[in-house]
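A.B. asks: Listed below, chain by chain, are the residues.
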Amino acid sequence: MARLGIDYGTTNTVVVCTDRGRYPLVPHVTDTAIGRVAREAFPSFFVYDTATSNLRFGAEAERSLAEPGAAQRYIPIRSFKRFFRNYVDGMRIAMDSIPGGLDMRDTFLKFTQAIYQSVRTSGVVGPNEPLEAVLTWPANANGAQRHLTRSAFKEAGFSVINTLNEPSAAAIELADRMVHGNRAKARQSKMTVAVFDLGGGTFDASVVRINAADYTVLSSAGIEHLGGDDFDAVLAELFCEKLKINFSSLSPFHRTLLLMHACREKERLSSGQSRTLTLDPEEIGLPGDSVKVTAAAFEKLLTELIEPAVLKLEEVIIAAGSDELETIYLVGGSSRLPLVGKLIARRFPKVKLFTTDKPFSATAMGAAIQGVETMRVHEVFARHFGVIRLADHGTREIFVPVFKAGLRLPARGDAPITTEVRYLPRHNIGRFRYLECTAVDAEGKPETGLRIWSEILFPYDCALTVNEPLSPERIVPRNDLSGESVETYTCDSDGIINVQIKRPDGHSRTYEVFRA
Amino acid sequence: MKKSKMIKPVAKTGTKPTLKPVPSLKKAKTAVKSSPKKEILKPVSKPVDPSASSSNEALRQEITALRTQLSRHMAPVSTGSMEEVDAMRRVLNDLMEARMNDVIRELVTIRNSAASAGGEARRIVEQMDALLSDLGAMKFEAERLEHVDPLIHAVSREVSDASLPDGIIMETLRPGFHTSRGIVVAKALVAVNRRS
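Read top to bottom, the protein sequences are chains E and Z. Last residue of the first sequence: 516 (my numbering), numbering continuous. Last residue of the second sequence: 712 (my numbering), numbering continuous.
With the rest of the complex left out, here is chain E:
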């Protein structure tokens, strides 16, 4: 049995395994003309082959782009994870060049199967060894995103034994790093740390109090649409300005190649190899002479993007209300940009900044450690979850929160949080429209990060059976129904919500909210 920590990222997916007190990266191995070559991460991008209607993943996807005629044959798809925030069951990603678009769940399942195969062929695990995994996801991931991630990895063949928010996993890794990998000492750690996790697609900040084997998230928030991808887009636009071309007028193929090149140049800047960013357009099949962008020009534009993340970190620290904060831990590939450390240090001059030489693997390593040790991680619910109900005799709709942001989630193995809502039905069929949001206004109305989930239709009328197929057209007002229906909501340690609806005759049905 192999225990793994898996960090599915927007740009790369990192897998770390546990090996007798060591936590080595599981390499992504590919056969080449010089033998097997290994990489520390599995690229999260893939290509759609218009000739065969198949998808190619990992190194094979990268190879496809170098084939003659690739521009006509392949459609590269980067940052697939960014589509997750709008996911509902049955969602398809519309693409002009792909008839009917791509089924999101099916596509992600194929991606997780490719990761499973990559782990199997890495040489690190045995051919029939069961693969147990601890998955990570962004702290501000919505319920549907969590559900999709967990179910796809399970279907691919991984046995998902636990899940963690990415900053919490990073905090576990930090406790390990602070004592130089001495697990006995790590289990005695006591500190409060703010994790600044700036990845390829999302930004998360959490304040975590570490007390021996207890990891308690004091506060958590994030920005759904901020990460290295946005920085790549800024640099790509700068290159286009120099080349006097319009980025949006490029074909999807050339746009992707340009973004990938921008990403490589940005990484050279992050690693301190260069202060000048260069593009030879011929390398990506575009005409023109080589152009250069200075780091200063690039960083000037990046400052506007990074400052909201620093402000969000400040909000999270204030919300945590902890006077014991000692360290800010920078993780995620994009936190390697020198500008990020500079802006945070300017804002928090008295707090120690802690960086790592492998910011992209910290999360997966924390997950792997969690997979083999007994520790209790207490996460918080990062979003408001509620239902839209009719009020004032059906004249207006109101948002009724069921679970509010900041709610402490149970540790794994503990009983889920339960809340009960009683309701006097006024229609033969109840129509439940669930909603998540990142913030509510002063009146309690959803304000930002709104997600409306699929509807649930439940028969209040006892003449109907609870499993009967229903449609909104069959809803009619009824004033003769007696007795209250009871909705029992449960929220588990992953933040996934189930609802059981029970009517007065005792019949009930349970729904996983995001699978409705």
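Be aware that one or more of the hints could be misleading.
[Claimed, not checked] Computed list of lysine to any residue pairs in SDA-like fashion (alpha-carbon distance at most 25 Å, straight line):
hint	chain 1	residue 1	chain 2	residue 2
1	E	185	Z	609
2	E	404	E	322
3	E	358	Z	698
4	E	154	E	493
5	E	312	E	443
6	E	358	Z	651
7	E	110	Z	609
8	Z	655	E	264
9	Z	655	Z	644
10	E	110	E	512
11	E	185	Z	614
12	E	292	Z	689
13	E	154	E	443
14	E	404	E	292
15	E	358	Z	621
16	E	358	Z	652
17	E	350	E	372
18	E	154	E	416
19	E	110	E	189
20	E	292	Z	707
[Claimed, not checked] Sample of chain E residues at the chain Z side, in silico, Cβ under 7 Å:
hint	residue
21	32
22	34
23	38
24	55
25	59
26	62
27	70
28	477
29	478
[Claimed, not checked] Far from chain Z by the CB rule (all over 10 Å, computed), these chain E residues:
hint	residue
30	37
31	281
32	449
Just so you know, these hints were derived from the structure itself, not from any lab. We put the beta carbon where it would ideally sit given N, CA and C, even for glycine.
Based on these hints, arrange chain Z on the given structure of chain E.
C.D. replies: For chain Z alone, coordinates are given in the frame of chain E:
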């Protein structure tokens, strides 16, 4: 709501992130410091038998004495819990590998600069190749007429030959290097054929 002290914005600029010392070295230093005898290892003169007839014998005795002294210094490390020893080994291994790959990358850069200079620098290239080989870095070149593989090749020049297929490698301009564990630290630079 209580406000934390350290979140006040301050005009101070340019403060760099705190970088921690290399954990393994710090750990090793701590282990040695906690040893009962704190003096550093030094040549031993006392235990050497003055009547030793040859200098070889004196040297042998000195080595034996040094070994004893070393064992005494290392005792606190070796008597630590298995977990601590494993942890130290793990950190050292990981650091060694990461640093070695960085070192190899740097050496490859220097080697390539020397190769570009040509002339007398050719001897430096040979020495660097030998050094890289000693460090476990393996040199590779692309085969002429094989297809470009972006995992191991980087295209840096295009040539045109209408009689050959598009996108095949015509020449290796600079060799690549990979480690024994298959990490490509430098891709081979190649010239490819473009028929158009």
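A.B. asks: All hints, please: hold or fail.
C.D. replies: Hints, one by one, checked against the model:
1. Among the hinted pairs, residue 185 of chain E with residue 609 of chain Z is consistent with the structure: their alpha-carbon atoms are about 19 Å apart, no more than 25 Å.
2. Between residue 404 of chain E and residue 322 of chain E the CA atoms are separated by roughly 21 Å; this keeps the pair inside 25 Å, and the hint holds.
3. Taking the CA atoms of residue 358 of chain E and residue 698 of chain Z, the gap is near 19 Å; set against the 25 Å cutoff, the hint holds.
4. At roughly 17 Å between alpha-carbon atoms, residue 154 of chain E and residue 493 of chain E fall within 25 Å of each other, so this suggested pair holds.
5. With a C-alpha separation of about 22 Å, the suggested pairing of residue 312 of chain E with residue 443 of chain E holds against the 25 Å cut-off.
6. The straight-line distance between the Cα atoms of residue 358 of chain E and residue 651 of chain Z is roughly 22 Å, inside the 25 Å bound, and the hint therefore holds.
7. A hinted pair counts as satisfied when its Cα atoms are at most 25 Å apart, and residue 110 of chain E with residue 609 of chain Z does not qualify at roughly 35 Å.
8. In summary, the hint linking residue 655 of chain Z to residue 264 of chain E is supported, as the alpha carbons are separated by about 23 Å, within the 25 Å threshold.
9. For the hint linking residue 655 of chain Z to residue 644 of chain Z, the alpha-carbon distance of about 11 Å falls within 25 Å, and the restraint holds.
10. For the proposed pair residue 110 of chain E and residue 512 of chain E, the alpha carbon gap of about 23 Å is at most 25 Å, so the pair holds.
11. Between the alpha carbons of residue 185 of chain E and residue 614 of chain Z the distance comes to roughly 24 Å, so the proposed pair stays at or under 25 Å and holds.
12. The straight-line distance between the Cα atoms of residue 292 of chain E and residue 689 of chain Z is roughly 24 Å, inside the 25 Å bound, and the hint therefore holds.
13. A C-alpha spacing of about 40 Å is found between residue 154 of chain E and residue 443 of chain E, which places the hinted pair above 25 Å, so the restraint is violated.
14. Distance restraint check for residue 404 of chain E and residue 292 of chain E: the Cα-Cα separation of roughly 49 Å exceeds the 25 Å cut-off, and the hinted pair is therefore not satisfied.
15. A hinted pair counts as satisfied when its Cα atoms are at most 25 Å apart, and residue 358 of chain E with residue 621 of chain Z qualifies at roughly 16 Å.
16. Between residue 358 of chain E and residue 652 of chain Z, the direct Cα distance comes to roughly 22 Å. Compliance with the 25 Å bound is thereby established for this hinted pair.
17. Restraint check for residue 350 of chain E and residue 372 of chain E: not satisfied, since their Cα atoms lie roughly 35 Å apart, outside the 25 Å limit.
18. For the hint pairing residue 154 of chain E with residue 416 of chain E, the CA-to-CA distance comes to about 21 Å; that is within 25 Å, so the pair holds.
19. This hinted pair does not check out: residue 110 of chain E and residue 189 of chain E have alpha carbons roughly 40 Å apart, beyond 25 Å.
20. For the proposed pair residue 292 of chain E and residue 707 of chain Z, the alpha carbon gap of about 23 Å is at most 25 Å, so the pair holds.
21. Checking residue 32 of chain E against chain Z by beta carbon gives a least distance of about 5 Å; that is within 7 Å, so the hint holds.
22. A hinted interface residue such as residue 34 of chain E counts as satisfied when its beta carbon comes closer than 7 Å to some beta carbon of chain Z; here the least separation is about 5 Å, so the hint holds.
23. The beta carbon of residue 38 of chain E comes within 4 Å of a beta carbon in chain Z, closer than 7 Å, and the hint placing it at the interface holds.
24. A distance limit of 7 Å between C-beta atoms decides the matter here; for residue 55 of chain E the minimum to chain Z is near 18 Å, and the interface restraint is violated.
25. Look at residue 59 of chain E: its Cβ gets to within about 6 Å of chain Z, closer than 7 Å, so that hint holds up.
26. For residue 62 of chain E, the interface hint holds, since its Cβ comes within 7 Å of a Cβ in chain Z; the closest pair sits about 5 Å apart.
27. Violation of the interface hint for residue 70 of chain E is found here, the shortest Cβ-Cβ separation to chain Z being roughly 9 Å, above the 7 Å cut-off.
28. Against a cut-off of 7 Å between C-beta atoms, the interface hint on residue 477 of chain E is violated, since the closest Cβ of chain Z lies about 45 Å away.
29. Annotation: residue 478 of chain E was flagged as interfacial toward chain Z, and the flag is violated, the nearest CB pair being 47 Å apart, outside 7 Å.
30. Separation of residue 37 of chain E from chain Z is inadequate, the least Cβ-Cβ distance of about 5 Å not exceeding the 10 Å criterion.
31. The Cβ of residue 281 of chain E lies farther than 10 Å from every Cβ of chain Z, with a closest approach of about 13 Å, so its non-interface assignment holds.
32. Non-interface call for residue 449 of chain E relative to chain Z: holds, since the shortest CB-CB distance, roughly 22 Å, exceeds 10 Å.
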